[in-house]
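Participant: As a plain string of letters, each chain reads:
There are 2 protein chains.
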Amino acid sequence: MALYYAPEPGDNEAALARLYSVRESIDNIDAALVHLLAERFKFTKFVGRLKAEHGLPPADPARERVQIQRLRSLAAESHLDPEFAEKWFNFVVAEVIHHHVEAAEAVGERDEASDADAAPASEDIEP
Amino acid sequence: MALYYAPEPGDNEAALARLYSVRESIDNIDAALVHLLAERFKFTKFVGRLKAEHGLPPADPARERVQIQRLRSLAAESHLDPEFAEKWFNFVVAEVIHHHVEAAEAVGERDEASDADAAPASEDIEP
Chain A
1 MALYYAPEPG DNEAALARLY SVRESIDNID AALVHLLAER FKFTKFVGRL KAEHGLPPAD
61 PARERVQIQR LRSLAAESHL DPEFAEKWFN FVVAEVIHHH VEAAEAVGER DEASDADAAP
121 ASEDIEP
Chain B
1 MALYYAPEPG DNEAALARLY SVRESIDNID AALVHLLAER FKFTKFVGRL KAEHGLPPAD
61 PARERVQIQR LRSLAAESHL DPEFAEKWFN FVVAEVIHHH VEAAEAVGER DEASDADAAP
121 ASEDIEP
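Chains as they are written, first to last, in my numbering: chain A, 1 to 127; chain B, 1 to 127.
Hints may contain errors.
To be verified - As a list, the in silico SDA-like pairs of lysine to any residue whose alpha-carbon atoms are at most 25 Å apart:
1. A/LYS42 x B/GLU8
2. B/LYS87 x A/ARG72
3. A/LYS87 x A/GLN69
4. A/LYS87 x B/ASN28
5. A/LYS45 x A/LEU56
6. A/LYS87 x B/VAL22
7. B/LYS45 x B/ILE26
8. A/LYS87 x B/GLU39
9. B/LYS45 x B/GLN67
10. B/LYS45 x A/ASN28
11. B/LYS87 x B/ILE68
12. A/LYS87 x B/LEU36
13. B/LYS42 x B/VAL101
14. B/LYS45 x A/ALA17
15. B/LYS51 x A/GLU8
16. A/LYS45 x B/PRO57
17. B/LYS87 x A/ASP27
18. A/LYS42 x B/VAL92
19. A/LYS51 x A/LEU36
20. A/LYS42 x B/ASN90
21. A/LYS42 x A/ALA32
22. B/LYS45 x B/ALA32
23. A/LYS51 x A/GLU95
24. A/LYS51 x B/ILE26
25. A/LYS45 x B/SER21
26. A/LYS87 x B/LYS51
These are computed hints drawn from the structure, not numbers from a lab.
Generate coordinates for the entire structure from the input sequences, incorporating the hints supplied.
Facilitator: The following block contains the structure:
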């Protein structure tokens, strides 16, 4: 691993300094991941609203299959386990569905007499 | 939502054009997320190796509590559900543990007579 040039054995001060530096990198990556996830959910919420307002079909299974294959391929390229990439995608998709259900409930509370603005059913949502 | 300036009702061509554009943005974000996750796992693998080689304690529960609180706070700032951010962190941590278990098994196969290089037990790992 090119990243790894080890401190001398027994040099615990150097090892701790390296540990704290790597933790800073992990924290930076985590902040970037959280902000990107936030941005992703803005886009998927937008898609839900756009489709509902224009009568477009909420789900697109072909698109989802392409997404998964692409993520598996990107994972393999970057030495991330493709199985994990797919599990991770499904985990994020579950949250997208959760958002759509919440949106549907909010619409239901706002206007129980009409379902014109209702969000799509949870099993039919584009991730 | 500032992002959302809607195509005219009934203008399905404009709605589809907008949809395809947003999908490109989602795909870009997903690629960035996968590459950042790959980078994060490089760092956590490095930490596991550094700690094993220098006899540093594998787990640091105080560090983990700080990580979770920080991610919840970053999520709130960026309008991401803090509960989701914490669930997401735990999901990623489960994969870190999986890596460490695999590493321990690999060491076990390589050198059954010695556990000097063994990875830490799955319940004691720094995420």
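Participant: Does each hint fit the structure? Answer for all of them.
Facilitator: How the hints compare with the structure:
1. A/LYS42 x B/GLU8: holds (21 Å)
2. B/LYS87 x A/ARG72: Distance ~22 Å between B/LYS87 and A/ARG72 Cα, so the pair holds.
3. A/LYS87 x A/GLN69: With a Cα-Cα distance of about 12 Å, the restraint between A/LYS87 and A/GLN69 holds, given a limit of 25 Å.
4. A/LYS87 x B/ASN28: holds (19 Å)
5. A/LYS45 x A/LEU56: The hint holds at about 14 Å.
6. A/LYS87 x B/VAL22: Given that 25 Å is the threshold and the Cα spacing comes to 23 Å, the pair holds.
7. B/LYS45 x B/ILE26: violated (28 Å)
8. A/LYS87 x B/GLU39: Holds - the C-alpha atoms of B/GLU39 and A/LYS87 are around 17 Å apart, at most 25 Å.
9. B/LYS45 x B/GLN67: holds (18 Å)
10. B/LYS45 x A/ASN28: Distance ~16 Å between B/LYS45 and A/ASN28 Cα, so the pair holds.
11. B/LYS87 x B/ILE68: Holds, at roughly 10 Å.
12. A/LYS87 x B/LEU36: holds (16 Å)
13. B/LYS42 x B/VAL101: holds (15 Å)
14. B/LYS45 x A/ALA17: Judged against 25 Å, a Cα distance of about 17 Å means the pair holds.
15. B/LYS51 x A/GLU8: Holds: B/LYS51 and A/GLU8 sit about 13 Å apart, inside 25 Å.
16. A/LYS45 x B/PRO57: violated (43 Å)
17. B/LYS87 x A/ASP27: Holds. B/LYS87 to A/ASP27 sits at ~17 Å (cutoff 25 Å).
18. A/LYS42 x B/VAL92: The hint holds at about 22 Å.
19. A/LYS51 x A/LEU36: It holds: about 23 Å lies between the C-alpha atoms, which stays within 25 Å.
20. A/LYS42 x B/ASN90: Distance of about 22 Å is within 25 Å: holds.
21. A/LYS42 x A/ALA32: Distance of about 15 Å is within 25 Å: holds.
22. B/LYS45 x B/ALA32: At roughly 20 Å apart (the allowed maximum being 25 Å), B/ALA32 and B/LYS45 satisfy the hint.
23. A/LYS51 x A/GLU95: holds (18 Å)
24. A/LYS51 x B/ILE26: Measuring from Cα to Cα gives roughly 16 Å; hence the hint holds.
25. A/LYS45 x B/SER21: holds (14 Å)
26. A/LYS87 x B/LYS51: The given pair, whose Cα atoms are some 28 Å apart, is violated under the 25 Å limit.
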